[in-house]
Amino acid sequence: MTTWTPAELDAVWLSLKVATVAMLASVAPAVAVAWLLARRRFWGRSILNTLVHLPLVVPPVVTGYFLLRLFGQRGPIGAWLARDLGIQFSFRWTGAALAAGVMAFPLIVRAVELGLDHVDRRVEDAAATLGASPLRVFLSVTLPLALPSIAAGLAIGFAKALGEFGATITFVSNIPGETQTLALAIYSQLERPGGDAPAMRLAWLSVAISVLALLASEALGRVFRRRDP
Amino acid sequence: MSLVVDMRYDAGAFRLETRLEIGAGLTALVGRSGTGKTTLLNVIAGLARPIAGAVTIDGETLSDASTTAWVPPHRRRIGYVFQEPRLFPHLRVKGNLLYAHDRATSSLRVDDVISLLNLSPLLGRATSTLSGGEQQRVALGRALLSSPRLLLLDEPLAAIDQPHREAILPYLDRVRVDHAIPTIYVTHTWSEVSGRADRVVELEAGQISFAGSVADHHLGHGGPGGRGGAEYSAP
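Chains Z and S are the protein sequences, given in the same order.
51 is the number of the first residue of the first sequence in the working numbering; add one for each residue after it.
170 is the number of the first residue of the second sequence in the working numbering; add one for each residue after it.
So here's chain Z without its partners, still in its complex pose (with noise of 0.2 Å):
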């Protein structure tokens, strides 16, 4: 029976601390632009678009160096933060959430963009001439039938954080109980002798969360579909 150490579970639930800050933290933001994106033809729409996707084709590394120039103590946003607000993102598990959040945000949105796509706006029509606002409109009618889609993009998006390393590690560096989360662990334990076993366990470990973090985006968009009003 294998025997978990308190660092391997500290990075488990660290993973999964940051995996569920991070995604609470996106979701209103990220159907926000996704409607934008869907639903609104602007001046600096495609700038927009490349901005959101951008962390899925720079190497991790880049967008961690990044959020470390903008939120780190001394960048501009970071100082500020931590200046007025009392919010610090360096060398903290926040930092690590922050990062995971940017890498999952481009998946995110693609999901809800397709989702805002898929609804018929015929309906939402029907909805404004029964006297609803555009924003009840949003609410009551387009939200509610975008519901799978945006799921399934924050299941796929937890996922992506529970297995980020590249931006974190750059960002907010690799300190147990802080911020090494379980790919952070993995890492480590490779680095250091006799830490093939040790990273073997993690790995299958971290295997096993994302498998049942996809299967989860799988039954909630079916039970989504499905739902009976």
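In short, the hints are calculated from the structure, not lab data.
Don't take every hint at face value.
Not everything, but these chain Z residues come out facing chain S in the computed CB check (under 8 Å) [unchecked claim]: (1) Ala182; (2) Pro194; (3) Pro198.
From the derived model, a few chain S residues whose C-beta atoms are all more than 10 Å from chain Z [unchecked claim]: (4) Asp175; (5) Asp179; (6) Leu216; (7) Ala234; (8) Ser235; (9) Leu256; (10) His259; (11) Ser284; (12) Asn287; (13) Ser315; (14) Glu335; (15) His357; (16) Asp367; (17) Glu373.
To give a feel for the contact side, a few chain S residues facing chain Z, derived at Cβ under 8 Å [claimed, not checked]: (18) Ala214; (19) Pro242; (20) Tyr249.
Cβ atoms here follow ideal geometry from the backbone N, Cα and C, with glycine treated the same way.
For this one, chain Z is given, so just place chain S on it according to the hints.
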């Protein structure tokens, strides 16, 4: 009620140009497919924006291209029953009916509309389990409960097979008789509006080719039923 639609609407090669005044009662809007009937309803409802001219109802400007005045669809109080019911799939029948109903301002009671359209047995059902005729009855009830000052019916029976069409027509009559909401009824089938319409407007290639009484329309088209009683089938 007085609706004045004096406008031009362009969509690619298609142009709809109308100068039209409609009063209370039932107006039958007829014409072949692609002549702009649905577009005209969309302009009145605020779902399509004319490039020139204005739409006014009882003296209130709904849209005026010269001043860019524009009342959005949700503030027009114009009920619209579309060709396809467009019910909210995530709400049950009751949820659909109550969507637009505002107890504070509505002159209609939900129970009255439910009884009028015989919707009571359907209230707890998901919309996907309803037949085409039942869905259109729900759509009609939903539009009525929004307390419209004008009702637009765009071929509401088009997606329903013949026997069920005959079954829903009495409900439309009840709405017309009990509530006297001014209505524009688009149809390809003269029998749906025969004996019910107060006037006829006919569109041809985006222009009004006839606007007047049912009797005059009959005379102009060679006898009762207009176009020899034929349907305005697609060309």
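**Q.** Violated hints, by number in ascending order, as checked against the structure
**A.** Going through the list in order, the structure violates hints 3, 6, 9, 10 and 13 and respects the others.
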